[in-house]
Each structure stands twice: as C-alpha cells, then as structure tokens.
Amino acid sequence: MGVLMRRNAIIIFMCIELMLNAVNLLLVAFSKVNGDAGAQVFVFFSMVVAAAEVAIGLAIIVMVFRKINSVDINVLNRLKN
Amino acid sequence: MTQLVYLIPLFPLIGFLINGLFYKSMPKSLAGIIGSGTILAAFAVALGVFFEVKNGTVPEQGVVQIFDFIAVGNFNIPFAFLVDELSAMFLLIITGIGFLIHVYSTAYMHDDEGYAKYFAYLNLFVFSMLLLVLGANYVIMFIGWEGVGLASYLLIGFWFKNKDYTNASKKAFIMNRIGDLGFLVGMMLVALNFGTLSYTELFPQLAPGIGASTANGAVISDALVCGIALCFFIGAMGKSAQIPLYTWLPDAMAGPTPVSALIHAATMVTAGIYMIARSSALYNLAPAVQNFIAIIGLATLLLSASIALKQNDIKKVLAYSTVSQLGYMFLALGVGSYIGGLFHVMTHAFFKALLFLGSGSVIHAMSGEQDMRRMGGLGKVMPVTKITFLIGCLAIAGIPGFSGFFSKDEILASVFAKSPLMYALALIGSMMTAFYMFRAYFMTFSGNFRGTEEQKHHLHESPMAMTVPLIILAILSVAGGWIGLPHVLAHHHLLAEYLAPVVRNFDPAHLAANTEWMLMGLASVLAIVMILLARMATKKEQFPEEEQGFAKLLANKWYLDEIYDAVIVKPLYKLAHFLNNVLDTKVIDGAVNGVGQLVHWSAGRIRTLQSGQVGIYLFAMVIGVVVLFAIGIAMIIV
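If you're matching them up, the sequences are chains A and B in order. The opening residue of the first sequence carries number 1 in the numbering used here; numbering runs sequentially from there. The opening residue of the second sequence carries number 1 in the numbering used here; numbering runs sequentially from there.
In case anyone wonders, no lab produced these hints; they're calculated from the structure. This one's a predicted model, so the numbers in the text were calculated from it and none came from an experiment. Watch out, some of these pointers could steer you wrong.
Computed list of lysine to any residue pairs in SDA-like fashion (alpha-carbon distance at most 25 Å, straight line) [what the hints assert, rightly or not]:
1. Lys67(A) / Tyr617(B)
2. Lys67(A) / Leu618(B)
3. Lys67(A) / Gln610(B)
4. Lys380(B) / His364(B)
5. Lys380(B) / Glu453(B)
6. Lys67(A) / Gln613(B)
7. Lys67(A) / Gly615(B)
8. Lys67(A) / Val614(B)
9. Lys28(B) / Gly368(B)
10. Lys67(A) / Ile616(B)
Between the sequences and the hints, there should be enough to build the whole structure, so can you do that?
What follows is the structure, encoded as structure tokens:
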C-alpha cells in the first residue's frame, strides 16, 4: 500500500525494498520447511543484486532531486513527451 | 569461307558501333563510307559463301557454332549460324540491295543533320536481318526478329520531331509486338514438345506424310503441330504485314524513303516469308494452317490492292502494293509453292527497291512533295528516274519478259492447280496491281506539271549516287526473273534446283503445257488492258480533291484504321482510364493509405496510456499482478 499511496519517491523505494525482503524471508522460511538449502543460497544472490539495485536507484533519485529540487513522483513526468 | 560466315553480320555491327558511338563528331563523308563500306564487305563475304554453297562444298551441314548460348541440362541452344542454300540466297538479297540503298542514302540524306545516326540505324537494321536469316535455331532468329523490329522503330521515327511520325513508329512497334507474341509461344511449344530449337535437329523429327514424333519416339498430335504452325504464322503476320496486322506498313512511310525501300524490299517484311519457308517441314504437316495462310494472303492482296487504286500519295501507293505483293507470297506458301513464294521475294526485292528509290528520287526533286496530284510531266527533266521507274512498273505489273511476270506466273499457276476460284481472285488482284502502278506512273511522269512555280524551278535529275543504284536495280528487275523460267519455256528451273536441298514444293502440281500457256497469256493480256485503262483514267489530268461514293471508301482505306481505333484502341484507353482513376487511386492507393492511417489513429489512442504519472504505472502494475494471481488461482482450482 505504501507503494501505491505515497508520492515521495524515497518512501516508495523503501517500500519496494521491504517487499523484496519479505519475499526473501518467505524463501528462507519455505526452504526450512522443505529441508532444501538451495533456496537459501538463492536469497544470498537476491540480496547482493538488491544491494546493487538500491545503490543505482538511490543515485538516480539523488540526481533527480538535484535537477528539479523535488522527489514527488507526480512532478516526475518530464519523460512523457 | 563458310567458317568466316560470322563476318557477314559482324561488319554491319562494327559499322553500327562506330557510327552510333561517334555520330556527333563524325564527318558526313566518313559516316557514309563506313555505313556503305561495311555492307559492301559483308556482300563480298556473302558472295564467297554463296558460291561455296552452290558448289556443295559446305562442311558439317553448314552449321557454324560461335559459342554456347544457353545450356540447361540436356537442353542446349548454341549461338550458331546455319549456312545453306536458303540462307545464302537471303544473304545476297539483304547485303546486295542493302548496299545499293546505303549508297543511295549518301545522296538522299545529304542535308540531314542526323546523317551519321541514320547510317548507324541502317547498319543495325541490316545486322539484325542478317542474324535473323543466319541463325541456326529459332532463338537466334528471334534475336534478329526483335532487332529488326527495334531498328524499324528507330528508322520510321527518324524524324522524331514530327508527332505523326513518332506515332507511326510506335504503331509499327506495337503491331510487330503482337505478332512476336505468337512467335514466342510457338517457340516455347516447340522447345517443350521436341526438346530442341535447332533446325537441323527439329526438321528430321517432322517426317512428311507420317507425322511428327520426337527423337525418343513419342508421337506429337496433329493438332499440336497445327497449333505451333499457327503461332509461327501469327508472328509472320505481324512482321510481314498481313491482315489483320498490316496497318503499320503503310504508316511506316513516315521514315525517310530509302528506309521504306529497305523495310519493304530487302529486309523486314520478307522475314515472315523466310520463317515459313524455313519451317516448310512443319507446315507440310499442317494442311489446315496452310489453307488459312492462303486465305489470309488472298484477302490481304485483294484488300490492299483495292486501297492502292485510289491513293494519291506516291509512297502510299507503293506501300499498299507491297502489302499486296506480300499477300501473293503468302498465297504461294499457303498452296505449298515455297519456291514460287521465295522467287517472288527475290524479284519483289529488286523491283520494289527500284520503285521506292525511284519515288525517293522524285520526292527529292520535288523538295519533299509526295502528292501525285501536284506532280506530272517529270519525265522530261528526270529521264533516268522515269525509265527505271517504268521498268519497275512493268516488272510488278507482270509484263512478259520482266522478272515479276515469271514469279507471279509461277504463283498463279500453282494456285490454279489448287483452286480455280482462288486463281480468279488472285488474277483480279494482279489486274489491280497493273492499274494502280501505271496510274502512279502516268500521274507522276507524263502530262503537264501541276505543282507550284517554285517547285518547277527546282526540278532536277538526281545525282549519280542515286541514279546508279536505280540503273543496277532496273537491270536486276528485268533479268532477275530468268533464273526461274516456267518449264514450258525451259527445262531447268534454276532457283528450284538450287533450293532443292532445303525447300521443296509441297505436293507439286504439273499443269498441261497448253493450260500453262493459256494462263500466261491471260495474265499478260489483262495486264496490258489495265495499263491502257490507267492511261485513259489519267489522260484528263483532273484529280478531284475529295472522292465520291465507293472511291471515297477506297481512298479512306475502307476506314479500317478508324474501325481499329474504335474497336480496339478506344476501349483500351477507356479501360486504362478506369484502371488509373478508379482501381488505382481508389482501391490500391486507398488500401495502402488506409493501413497508414489505421496505425496513426490507433497509436493516437494508445499513447494516452503513457501519461508519465508514475503512480498510474504502479497502479497498473499491481492490477496486473492481481490479475495474474487470479489466473494462477483459477488454474489451480480447475
């Protein structure tokens, strides 16, 4: 709901990260239940990728803020035309 | 010598290339020398080949292979020449008369700005015709066949600044093309059924009296043979100006007069006769087509002779007389008298070239005037032209002793043996020939001059380069017939004996000597009567501007051009108009533009989805996930 309702890009970003972590948690839980260590290895990969993605995403948001002094997603429609 | 036969077409080709590539900077005298000289060289080689053929010392059946042209699997079309009695005879006619016409042209075209270009075209014409005659298979013949069509188009429209002339050249080209289609289809049928297009391989498969069968023994039905023969004849119809494709020939008078002589006498129109005579083995197996050819020939000769009776343009008279004489040749071929047809080709080449060049001499003296009503009394100032023209007229009218008499007599005799009714009609045609030729002669050369004072002052005899060819042709017009004397006069028919290895008359009929004498006498007496009638008709020297009644119908060529225009040309224009304005702009353009507009329109609708609002994108994403989730649940349940 945070992703849908909020207009601040950083908040949305944080919400997305939470969802990702929720999925990671699910994977670990299921692997424990099913006794398969493979899923846990997957989670490590997922976390590494997520770290890289966060770095890039935050960098983009910082650049956008420097350009237009705002991180409101309703203002971010310059690519439309 | 036979191995050097490729030189014969090569010389005119070289002349064409030199004159054609450098025509802008070529001095006039040099262009004339190159143009005529190459033909003379070809004539010299042709003479050598002719004597070798005559002495029977031609190696390897006379086939001279130059290179492989088309080779697909077992099917092979070599670029080869065939030297035999028939092609050697045509070589002599083409190069010999072609040379005289070239010499004549050096004087006739002297003041023309396109002098070198003109000679380039003439050489191309002769080259194509030589290729046509020399080819050892139908493909090579077809190359020459098309080349002749192209060269005639270029020459008829030589004075291309005049719109009527370019229209005439287009007409000639299109009419020829219609015929060419028939030739092409026939050629494909032959290749498909017999597996070869070479004469030396094809004709042995056509056994006379038994029927056609291929090399591996498969029998070809008579109907198919007739179909092939008919297709070839349609090609000949176009090239040799027979009903219904004859109207281009009178219009071809738009070209310079020596060109008319070349088209009508030595080359082009005889191509159809050559093809049928060459394929005589094929036609002997198709009697139905032979009858058809005879009927077409007869109809053509009567129709065009009747038109010629009332023409006032000196070249138009000669043009229709050519169509009429071609009708005789086809009549001869149709009744199986191939020798008669070829004999008439030869004599006709002599006297028709003579008549055309003579008329050119007259037109030259009259500063371009072609209307015989403005002429008259020219005999006093142009004695050489007058006498040679008279000899030409006597020859074509069939006065005994002149060449036309013998060839026409041979045709008439073989027609009589076949069908007396056809003979009577052909005789009427021959009477009309005598009448219109002498009408033209008297209108031009006797009586008083009817042109303007200025023209009268300008009148002169033509220069040597024009009169000498006239004299040579006049001698040939007299003597050319003596090689084919009828056998009541001589035991040896030289031409028939010469051609015997290649072409023989089909089903030759021998008439009793008395009958033959009677036929000859009848034809001669009627010709003389018609000459006297022509004298009487032109005595008063009053020629109406507008003819009345039936004569008007003849003067307007039975309105056939108008009928063709209304029946074929106009509806085609209408159809083209419909296709252009309705089918093309509405249907085809509409479909193409419609696709473009559809994409444009739908893109305009869809682009509103891309609002740029991140919130909406996210919302759409969640909806999508929910939908996928719902589908997943549904599939599990089901």
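Going through the hints against the structure:
1. Lys67(A) / Tyr617(B): 22 Å, holds
2. Lys67(A) / Leu618(B): Measuring from Cα to Cα gives roughly 23 Å; hence the hint holds.
3. Lys67(A) / Gln610(B): 23 Å, holds
4. Lys380(B) / His364(B): 16 Å, holds
5. Lys380(B) / Glu453(B): 16 Å, holds
6. Lys67(A) / Gln613(B): Between lysine 67(A) and glutamine 613(B) the Cα gap is close to 18 Å, so the pair holds against 25 Å.
7. Lys67(A) / Gly615(B): Holds, at roughly 20 Å.
8. Lys67(A) / Val614(B): Measuring from Cα to Cα gives roughly 18 Å; hence the hint holds.
9. Lys28(B) / Gly368(B): This hinted pair holds, its Cα atoms lying about 21 Å apart.
10. Lys67(A) / Ile616(B): 23 Å, holds
Going through the hint list in order, the structure satisfies each hint without exception.
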